[in-house]
Amino acid sequence: MATIKIRAKEKDGVTTVKALMTHPMESGFRKDSTSGSMVPAHFIQEVMCEVGGKMVMNAHWSGGVSKNPYLSFKFDGGKGETLKLTWTDNMGKSDSVEEAIG
Amino acid sequence: MNELRRLIIKGSVAAGTLGVAVGAGLLVPTSVLAAWPDKAFGEKKMDDAISTLLGSGGMTESAEINIKAPEIAENGAVVPVTVTATMAGVESITIAAPNNPSPLVASFDLADGAHGYASTRIKMGKSGDVVAVVKAGGKLYTAKKEVKVTIGGCGG
Chain A
20 MATIKIRAKE KDGVTTVKAL MTHPMESGFR KDSTSGSMVP AHFIQEVMCE
70 VGGKMVMNAH WSGGVSKNPY LSFKFDGGKG ETLKLTWTDN MGKSDSVEEA
120 IG
Chain B
24 MNELRRLIIK GSVAAGTLGV AVGAGLLVPT SVLAAWPDKA FGEKKMDDAI
74 STLLGSGGMT ESAEINIKAP EIAENGAVVP VTVTATMAGV ESITIAAPNN
124 PSPLVASFDL ADGAHGYAST RIKMGKSGDV VAVVKAGGKL YTAKKEVKVT
174 IGGCGG
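Protein chains in written order, with the working numbering: chain A, 20 to 121; chain B, 24 to 179.
Incorrect hints may have been included.
Unchecked claim - According to the in silico footprint, chain B covers these stretches of chain A (three or more CB under 8 Å from chain B):
#	segment
1	73 to 83
2	92 to 105
Said to hold, decoys possible - No more than 30 Å apart at the CA atoms, straight line, and that leaves these computed lysine-lysine pairs for DSSO-like:
#	chain 1	residue 1	chain 2	residue 2
3	B	Lys-162	A	Lys-50
4	A	Lys-73	B	Lys-91
5	B	Lys-149	A	Lys-98
6	B	Lys-149	A	Lys-86
7	B	Lys-168	B	Lys-149
8	B	Lys-62	A	Lys-37
These aren't lab readings, by the way, just hints derived from the structure by calculation. C-beta atoms are modelled at their ideal positions from N, C-alpha and C, and glycine is treated no differently.
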């Protein structure tokens with residue numbers, strides 16, 4: 020299942036990227052209400068965005084980012100290019116998506 | 024002859040431990056960029072976390088950083104935060120919540136061409152400041168905004 024919803028729009032030479040990822044983002048500080056044990060940390064650590072093979076944005080996150088994280092950023096240019104967004108979590112899982120900039 | 028033998032043994036031992044570490048998930052293979060800064064994210068005090076991450080604790084307050092966050096957040100689990108920095112040469116934007124158990128929340132490295140803009144949603148354990156630290160031209164600038172978190176949604 021794709022875990023990333025993404026939109027990339029170019030206007031007046033500036034591309035705005037908005038992305039929503041599906042992820043529990045467990046900080047490791049929360050207790051399970053039924054069992055009383057700590058819920059192990061499980062969160063996205065790194066989100067990287069590349070355009071035409073070149074990194075434009077690289078984010079490092081902690082478990083302090085909300086569940087099903089939202090991310091938005093802007094960069095110059097990008098018209099007609101393809102953007103690649105990849106996340107990696109602390110359990111080594113990852114997902115990526117490619118989107119044509121419209 | 025003997026020295027060469029030593030070297031080979033040393034080399035294979037080093038490669039062996041690295042392989043084990045990767046296999047055990049201790050070292051998650053990441054991109055060519057800096058790996059996830061676990062030390063900075065593990066700090067319990069915001070100032071320590073920022074100086075570990077960005078190298079220097081000396082920061083200047085700047086009016087060129089704008090933090091958009093709600094004054095009253097009805098749900099601390101989802102606090103939308105947008106940071107806009109208008110100075111030139113922004114290299115990174117870091118968002119921190121000093122009252123959280125792990126104060127460093129997110130850090131965005133921005134390449135040339137990326138704007139001084141980052142937006143996300145963060146968790147806040149209790150009312151307090153949202154702090155943004157912007158690195159531009161090798162210097163650190165900061166701004167903060169207070170967010171009141173009301174649990175139960177009575178809006179008070």
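Going down the list of hints, with the structure as the test:
{"no.": "1", "hint": "73 to 83", "in the structure": "holds (count 11)"}
{"no.": "2", "hint": "92 to 105", "in the structure": "holds (count 5)"}
{"no.": "3", "hint": "B:Lys-162 with A:Lys-50", "in the structure": "39 Å, violated"}
{"no.": "4", "hint": "A:Lys-73 with B:Lys-91", "in the structure": "29 Å, holds"}
{"no.": "5", "hint": "B:Lys-149 with A:Lys-98", "in the structure": "42 Å, violated"}
{"no.": "6", "hint": "B:Lys-149 with A:Lys-86", "in the structure": "17 Å, holds"}
{"no.": "7", "hint": "B:Lys-168 with B:Lys-149", "in the structure": "14 Å, holds"}
{"no.": "8", "hint": "B:Lys-62 with A:Lys-37", "in the structure": "29 Å, holds"}
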